[in-house]
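K.L.:
Those protein sequence lines, which keep their order, are chains A and B. Heads up: the first sequence begins at 0 in numbering that gives the first Met the number 0, then just goes up one per residue. Heads up: the second sequence begins at 0 in numbering that gives the first Met the number 0, then just goes up one per residue.
No lab work stands behind these hints, which were simulated from the structure alone.
Computed list of lysine-lysine pairs in DSBU-like fashion (alpha-carbon distance at most 30 Å, straight line): (1) A/K48 <-> A/K36; (2) A/K97 <-> B/K399; (3) A/K87 <-> B/K47; (4) A/K36 <-> B/K403; (5) A/K25 <-> B/K162; (6) A/K48 <-> B/K399; (7) A/K97 <-> B/K403; (8) B/K307 <-> A/K78; (9) A/K36 <-> B/K399; (10) B/K47 <-> A/K48; (11) B/K47 <-> A/K25; (12) A/K78 <-> B/K47; (13) B/K399 <-> A/K87; (14) A/K48 <-> B/K162; (15) B/K403 <-> A/K9; (16) B/K399 <-> A/K78; (17) B/K399 <-> A/K92; (18) B/K399 <-> A/K9; (19) A/K78 <-> B/K403.
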Amino acid sequence: MAQWIEACGKDDIDEEDVMRFDHGGKTYAIYRSPDDKFYATDGLCTHEKIHLADGLVMDNIIECPKHNGRFDYRTGEAKGAPVCINLKTYPVKVDGGKVLIDVG
Amino acid sequence: MTNGMVIVGGGMAGARAIVNLRASGYEGAITLVGEETLLPYDRPPLSKAMITDEQEPQPAWLLDESMLVSLNATVLRGVRAKSIDRASKTLHLEDGVSLSYEKLLIATGAKPRRLTLPGGELGYTLRDYADGDHLRNRIRNSAAVAIIGGGFIGLEVAASARKLGAAVTVIEAQPRILMRGVPQEIADVVHARHEAAGVAMQVGTGLSAIEIDGVVLADGRKIKADIVIAGIGATPQTALAEQAGLAVDNGITCDATLRTADADIFAAGDCCSFPHQLFGNKRMRLEAWRNATDQANVATENMLGGSKAYTAVPWFWSDQHDLSLQIAGVPGDGVETVRRQLSDQAFIIFHRDASGRLVGASGIGPGNSIARDVKLAEMLIARSAAPASAALADASVGLKSLLKG
Numbered sequence: 000m001a002q003w004i005e006a007c008g009k010d011d012i013d014e015e016d017v018m019r020f021d022h023g024g025k026t027y028a029i030y031r032s033p034d035d036k037f038y039a040t041d042g043l044c045t046h047e048k049i050h051l052a053d054g055l056v057m058d059n060i061i062e063c064p065k066h067n068g069r070f071d072y073r074t075g076e077a078k079g080a081p082v083c084i085n086l087k088t089y090p091v092k093v094d095g096g097k098v099l100i101d102v103g
Numbered sequence: 000m001t002n003g004m005v006i007v008g009g010g011m012a013g014a015r016a017i018v019n020l021r022a023s024g025y026e027g028a029i030t031l032v033g034e035e036t037l038l039p040y041d042r043p044p045l046s047k048a049m050i051t052d053e054q055e056p057q058p059a060w061l062l063d064e065s066m067l068v069s070l071n072a073t074v075l076r077g078v079r080a081k082s083i084d085r086a087s088k089t090l091h092l093e094d095g096v097s098l099s100y101e102k103l104l105i106a107t108g109a110k111p112r113r114l115t116l117p118g119g120e121l122g123y124t125l126r127d128y129a130d131g132d133h134l135r136n137r138i139r140n141s142a143a144v145a146i147i148g149g150g151f152i153g154l155e156v157a158a159s160a161r162k163l164g165a166a167v168t169v170i171e172a173q174p175r176i177l178m179r180g181v182p183q184e185i186a187d188v189v190h191a192r193h194e195a196a197g198v199a200m201q202v203g204t205g206l207s208a209i210e211i212d213g214v215v216l217a218d219g220r221k222i223k224a225d226i227v228i229a230g231i232g233a234t235p236q237t238a239l240a241e242q243a244g245l246a247v248d249n250g251i252t253c254d255a256t257l258r259t260a261d262a263d264i265f266a267a268g269d270c271c272s273f274p275h276q277l278f279g280n281k282r283m284r285l286e287a288w289r290n291a292t293d294q295a296n297v298a299t300e301n302m303l304g305g306s307k308a309y310t311a312v313p314w315f316w317s318d319q320h321d322l323s324l325q326i327a328g329v330p331g332d333g334v335e336t337v338r339r340q341l342s343d344q345a346f347i348i349f350h351r352d353a354s355g356r357l358v359g360a361s362g363i364g365p366g367n368s369i370a371r372d373v374k375l376a377e378m379l380i381a382r383s384a385a386p387a388s389a390a391l392a393d394a395s396v397g398l399k400s401l402l403k404g
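All chains should be built: construct the whole structure from the sequences, respecting the hints.
P.N.:
This is the structure:
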């Protein structure tokens, strides 16, 4: 069942950047792509549970700040060593300057 | 019938080599020979979580049985490679088994240097899982720990032992800790953090002996300790290559494609000496996790017929207490430094050479606070960029904008 939660304001994240969002005991990463779309994934790297929001966004890739595991944040797809498990993604919508994610 | 691609060494480089051979489409046999009885595992936790975690540790596997089945690779464990017969392309193992190879990858790593002073054999070292398991138990049963050497391993173990409540003394003969490859400003932060955590830091202090109940300093003082741990560097494991008549120059001598003088033999990881094209073809040997990973990728690609040069920017990290430091490039090639303050406790030192080119970046801060900017610096270094000092120093100027500019 859909459960839309307000994660942040649209302008809280720069283009090609990422922000951490904690809710209900879980941590998420919210992304704004270079073409100004918003995405959300689990906040922790599947390799060693590091906060991805400290990592670098380049184009559509988020790179873990610890061991450089890379994911396509649009799909969650792991893009090579050391990560091999995909990131879970969440639906996102923008409503009146607010970014909402479906954590349901 | 050959054993196909044969890998000697079951560390990160060896494990990665198996994975990348398959990822590159190789379908023949793969055989890895490792001295350890365990399957390949990740080493970084050994000095940190392995010692401090309350729950009984277990190896962080890089490969497990099911992965080896799906990769269709054979791992021979607990056996040493004895010699290479290059003429017949055969690897002889100590247990009498012989493997014929199409291509051979030597990824034998490095072994900790031992203390050579009187009583040196009483000092423990840390390299493999068994060492980590041993240190974990010994430190937990020790009131006082003495650590010889203020390098990364020694300091990480010092932080872990302190976290467990032991009285810890670090003894470093050089005038400061982290002399090799870490700028003074960052070493000073690390030093202060250890002191704040209650570690006794004895720098510029020589040793005269190790005894059963502690360490005797050069000036005659005795530091009591229940366990003495030496972190005084590592020696590349080159004996197999040397026996085979291959050149060794602080590591197995390879070209930029990580190939030795023998077209069928390659090396990767801590044991590999190679010329780095990004740094004037200076010969390097790197002891780092990422280097082992990346070199295995390049070496295996070239074992399959490629001719790719290894040009990755050197990069490593160390976690101590709540601080993480990361170094990219070759800071020692710099003649000028520029400091960028990211926050109260986090900063990066950029290293520029005489022409203004960025050749290194050294950062320290809590958690992963410097990771993103060090990564961007690494990308600038890879491009041989020469950003203006003022832009590097100004934290309001995004490094990403310098990369795209």
